[in-house]
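Novice: Residue numbers (numbering that gives the first Met the number 0), protein chains in the order written: chain A, 0 to 218; chain B, 0 to 365.
Just so you know, these hints were derived from the structure itself, not from any lab.
Misleading hints may appear alongside valid ones.
Said to hold, decoys possible - Pair ranges (Cβ atoms, derived):
1) Thr352/B / Val43/A: 29 to 35 Å
2) Arg217/A / Thr352/B: 37 to 43 Å
3) Phe200/A / Asp127/B: 54 to 60 Å
4) Ala324/B / Arg45/A: 43 to 49 Å
5) Leu167/A / Ala135/B: 49 to 55 Å
6) Lys344/B / Leu167/A: 28 to 34 Å
7) Ser289/B / Ile16/A: 36 to 42 Å
8) Thr12/A / Tyr235/B: 45 to 51 Å
9) Ala320/B / Thr169/A: 55 to 61 Å
To be verified - Computed list of lysine-lysine pairs in BS3-like fashion (alpha-carbon distance at most 25 Å, straight line):
10) Lys22/B / Lys114/B
11) Lys22/B / Lys193/A
12) Lys344/B / Lys278/B
13) Lys344/B / Lys193/A
14) Lys38/A / Lys343/B
15) Lys183/B / Lys22/B
16) Lys68/A / Lys214/A
17) Lys38/A / Lys185/B
18) Lys314/B / Lys247/B
19) Lys244/B / Lys185/B
20) Lys344/B / Lys38/A
Beta carbons: idealized from backbone N, C-alpha and C, even for Gly.
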Amino acid sequence: MSGPELLLWARGTGLQIAVAIFLFGLLARFVELWLLGRKTDLSVARASAVGPGLRTVVSRSLPMPGALKQTPLVFLGGYVFHLGFLATLLFYVPHIHFLRSILGFGWPGLPPFLIDVIGLVTIATLIALLVQRFTDPVRRFLSRADDYVAWTVTFLPLLSGYVAFHRLGTDYTLMLALHILSVELLLIVIPFTKLMHMFTFALARWYNGAIAGRKGVRV
Amino acid sequence: MADNQTVGETLASRGISRRTFLKFCATMTSLLALPPGMAEVMAETLARTRRQSVIWLSFQECTGCTESLTRSHSPTLESLLFDAISLDYHHTLQAAAGDAAERARVQAMQDNAGKYLVIVDGSIPLKDGGVYSTIAGHSNLDMLKETAAGAAAIIAVGTCATYGGLPHANPNPTGAVAVSDIIKDKPIVNVPGCPPIATVITGVVAHFLTLGTLPELDSLGRPKVFFGDTIHDRCYRRPFYDQGKFAKTFDDEGARSGWCLYELGCKGPTTHNACATVKWNGGTSFPIESGHPCLGCSEPNFWDAGSFYQALSAKTLPLSAHAGAALAVGAAAGVAVGLVSRAKKKAAARQHTRVSADDLEKGGGA
Numbered sequence: 000m001s002g003p004e005l006l007l008w009a010r011g012t013g014l015q016i017a018v019a020i021f022l023f024g025l026l027a028r029f030v031e032l033w034l035l036g037r038k039t040d041l042s043v044a045r046a047s048a049v050g051p052g053l054r055t056v057v058s059r060s061l062p063m064p065g066a067l068k069q070t071p072l073v074f075l076g077g078y079v080f081h082l083g084f085l086a087t088l089l090f091y092v093p094h095i096h097f098l099r100s101i102l103g104f105g106w107p108g109l110p111p112f113l114i115d116v117i118g119l120v121t122i123a124t125l126i127a128l129l130v131q132r133f134t135d136p137v138r139r140f141l142s143r144a145d146d147y148v149a150w151t152v153t154f155l156p157l158l159s160g161y162v163a164f165h166r167l168g169t170d171y172t173l174m175l176a177l178h179i180l181s182v183e184l185l186l187i188v189i190p191f192t193k194l195m196h197m198f199t200f201a202l203a204r205w206y207n208g209a210i211a212g213r214k215g216v217r218v
Numbered sequence: 000m001a002d003n004q005t006v007g008e009t010l011a012s013r014g015i016s017r018r019t020f021l022k023f024c025a026t027m028t029s030l031l032a033l034p035p036g037m038a039e040v041m042a043e044t045l046a047r048t049r050r051q052s053v054i055w056l057s058f059q060e061c062t063g064c065t066e067s068l069t070r071s072h073s074p075t076l077e078s079l080l081f082d083a084i085s086l087d088y089h090h091t092l093q094a095a096a097g098d099a100a101e102r103a104r105v106q107a108m109q110d111n112a113g114k115y116l117v118i119v120d121g122s123i124p125l126k127d128g129g130v131y132s133t134i135a136g137h138s139n140l141d142m143l144k145e146t147a148a149g150a151a152a153i154i155a156v157g158t159c160a161t162y163g164g165l166p167h168a169n170p171n172p173t174g175a176v177a178v179s180d181i182i183k184d185k186p187i188v189n190v191p192g193c194p195p196i197a198t199v200i201t202g203v204v205a206h207f208l209t210l211g212t213l214p215e216l217d218s219l220g221r222p223k224v225f226f227g228d229t230i231h232d233r234c235y236r237r238p239f240y241d242q243g244k245f246a247k248t249f250d251d252e253g254a255r256s257g258w259c260l261y262e263l264g265c266k267g268p269t270t271h272n273a274c275a276t277v278k279w280n281g282g283t284s285f286p287i288e289s290g291h292p293c294l295g296c297s298e299p300n301f302w303d304a305g306s307f308y309q310a311l312s313a314k315t316l317p318l319s320a321h322a323g324a325a326l327a328v329g330a331a332a333g334v335a336v337g338l339v340s341r342a343k344k345k346a347a348a349r350q351h352t353r354v355s356a357d358d359l360e361k362g363g364g365a
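Looking at chain B on its own, in the form it has when it is part of the complex:
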C-alpha cells in the first residue's frame, strides 16, 4: 500500500467492489443513526480520504481487542478498512521491532502532528512509577502522555482502556487506571467491551473520517448510537423476562426452551452495548443467543460486580461478619440502655412517698 493512496483506491486494489463498499457505508450510516443521505456522503468522503494516520498503543491488555478486530471473521470489510488507514504503530501487528518500531511511532507523530488518531487498548499501571508495564524502556504512562499530546482524538478500545478492566479489578496490584483518568485535554471516545465489537470500533473511525467529528457520547464517554440501549432492551429473550419465564439451570427445560437467563446471572439489564443488534462473528449470534448470560463486560468494574452466575439483584459482598459484629454491638448497646432505663425506673419508684391509712387520718381529711 502506497502512503498516498486513498481509501477507495486501497479497497479497490483489495478487490472490494464499489457496490460492496456502498453497502458497508449504508450499514455504517444506519448503525451510526445518521440520515440515510449520509451513506453516499460517507462513501464519497471515505473513498477520497487520504489514509488516516493511526497510532495504536497496547498497554496492560490481552490482545483480545486486536483479535476482535482482525480475526473475528476474516477478511471483513471492517478489517480491510483498517488496512486502509495508515496504522503507523501497533506493536503486535507491525513488522518492525525494537528501535525501528519506536522510530515509526515518533515519525508518525511528527509527520501528522495534531491530526493523528490514537487508539489505546489496555490499562495504564501507575503504582511504583508505572514499572509494571513498559515498552522499549518507556512506562505506559509516559508513552500515553507523549503520544496523546499531538493527537486529534483518542479512541479507548476495550474495557481495560476505558475503565481499567481486569488489571483494575480488586485488589488492583499495579494501580491500573483508564485512559480518561490520565488524559484530560483531548477528546476521548470509549468503546468498552471485553472484547469490544469490531463494527463499533470501525464505526467510530468511519464517523471521524467522514464527518471529521466524533460521535455523540453518553456520560461514560461511549458513543450513544452503539451504547444507548441495554442488552436487555434489545434482547430477543425479553418477552420471557416479561412473562416471568426463567431458566433455573443451564440444562433444564427453561434453558432448552430459550427462556430468560436472569436467574443464571444475566447482566443484560444494566449492560449498555450493541451485541443484541450488531451481534458477533459476522452477525451470527451473541452470548445470550448461545445460552450464556451476559457478563456485563462493557460496564465499569464488571469483574468486581459479584459472581457472573448470581442474579443481578444479589448482594456482592459477604454480610455475615458485619452482621455478627452489629449484633454484638447491638446487644451491648441494648444492655447499656436497658440498665440505664431500669435504674431510672427504680429511682422513680424509690422517690414515691409511702402513705398509710393512718397518715390519711392524721391529715384530718376533708
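Looking at chain A on its own, in the form it has when it is part of the complex:
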C-alpha cells in the first residue's frame, strides 16, 4: 500500500474500525462496572455525598503537599506529560479540524510553534518517565507488560506527530498516515488497558469522596 492509499484508509475505513472498537470497549466496560454495582448503604447518611464527591475529584487532581520533594520527576513529569498531551491533542489546528469533522464544532487553536515546543517537552518527559521506570528498582518491580504497552501506544502518536509536523523522514504523506494509524491504535487499546483511567479517574475520585462525605468525614 502506497502512502496516499494508506492515508486514505487511515482517514476512512481505519478510523471507522478504531472508533467502533473504542466505543464498543468503552460502553462494555462501563456497563460491566455499573452492573457489578455496590451494596445499598442502609445506614442513615450523616451528610451529603455530592459536595465531598465533587470536591475530591478536584482535590485529588491537585498536587499533594510534599510530593514535589518526595518524587520530583513523577510529580512534575506527570503534570507536564498529561497537560502537554492534552494541549497538543486539543489545540493543534489540524487536530481541531479532525475533531470538528466528527463532533460538528471546533474551537480556536494555538500557534504551531507553541505546539512544537509543547510536543517536544511532552516527548522528552515521557522518555524520562520510562527511563525512571527502568532504573528505579521499585518501579521496575511493580511494572507489568500492560504498563509498557500503555506507554508505547501513548508515545507513538506523539513521536509520529512530531516527525510529521517537521516533515522529517522521506515521505510526509506516509508519516501522516502512520501518525493517524498510531492514534487509531491508541483508541483501540484505551478501553482494555490502564489507559481507561482517562474516563474512570473521575468516577473513582468521586466514589472515594462521596463515601467519606456520607459518613460525615470532612474532605
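Put chain B on the given structure of chain A with help from the hints.
Specialist: Same frame as chain A, but now just chain B:
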C-alpha cells in the same frame, strides 16, 4: 512538415530563433535538475534529432490533458516541440479518421518497432470485457496491449492514465484501471495531474530525446524532478501556515490577506507536483495563488479522499452508523460480562460459611 526534418529544422521553419530554443533548453535542463552544461547538449541533440514517432492513445478521459498541452497558452515552445515530434496517431488531433486513422497507428508501429513512444491519457475499463470504451471496434485494453508491445517506453499523462482518476473513483462502474495496472514489461513514466502540467510532459519527452533514457522516478512512477516536492513545500503561503494564520472562509479577512488555505481544504501538504514552481498559463499563477485550495489532483484516488473543502485531517467516511452499532454491541457485551461477574460474586457469597458466636464457643476456643 517533412518526415525527414530534424527538430531544429522544424522549429526554425516555425520562426523559433536559436536563441529562444537555447533558452527553452536551459529552462528545461534546470527543471530536470540536470547539470548546467547539459543545456547545450540538449540543444545540440534535440536540434539534430529526427522526429520521434509518438503514438498518443486516448482512452476514458475528458481531453483535458491534450487541452493542457495544446491550448494552455498558444503558441508555446512546448506545443511547438510537440509539433516537432511525429505525432503519428492522436484521434483528437489527427486529420485522418476511421480506418485511415487506425492504419496510421499500425503503420507507425511497424515502421518504428521498438523505438516509438506511447503517450496514454485516460483510464482503461476492464469490466464486462472492456465494452465501456472502444475505438474502431477495439477495446481500450486490446489497443493498449497491442500498441505497448513494440514501444520503447510509455508516458502515462493525467491522473486517469496514471492512477485511474475520475473513472476509477468509487464505485468505479466500468472497472477502470491505470496503464501500470496492465502493462508490466515496459518502462512507464507517470505524469499525473488533472490536467498535468504541459511543461512536465514536454520535459519528460525532452529528457528521452536528449539522453535516450527516462528521468528518475519516485515510488509512484513520477519523475522525481517534478514531483519530488509537495505543493505545501514550495507554497508561497507556507509562512502563514507556520504562523498559524488561516483563511476560515473564501471571503474573510484572512482570505483577502492571502493567508493559508489549509482550513478550506487545501491538499497541498500531501500533493506532489510542480504547480507552485512551474505554474500555469505561461507561468502566471497556480490555483492557490488564485485563492483556491489545492485539490490534490496529482495524487491517487483524489476524488475519493473526502470533500475538497474539508481540512486534510478530517475524516473521509461517516462514522455514525459504525458508532451506533459499536455502542449497541458494546452495551450487550457489557451486560453479558456484567451478569457473569455478578453471578460469580453471588456464588462466592453463597459459599461463605455463616459462623455464629455459639459456633465459636462450641469450638472450645483457644
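Novice: Go through the numbered hints given earlier and state which of them the structure violates, listing their numbers in rising order.
Specialist: 6, 8, 9, 10, 11, 12, 15, 16, 17, 19
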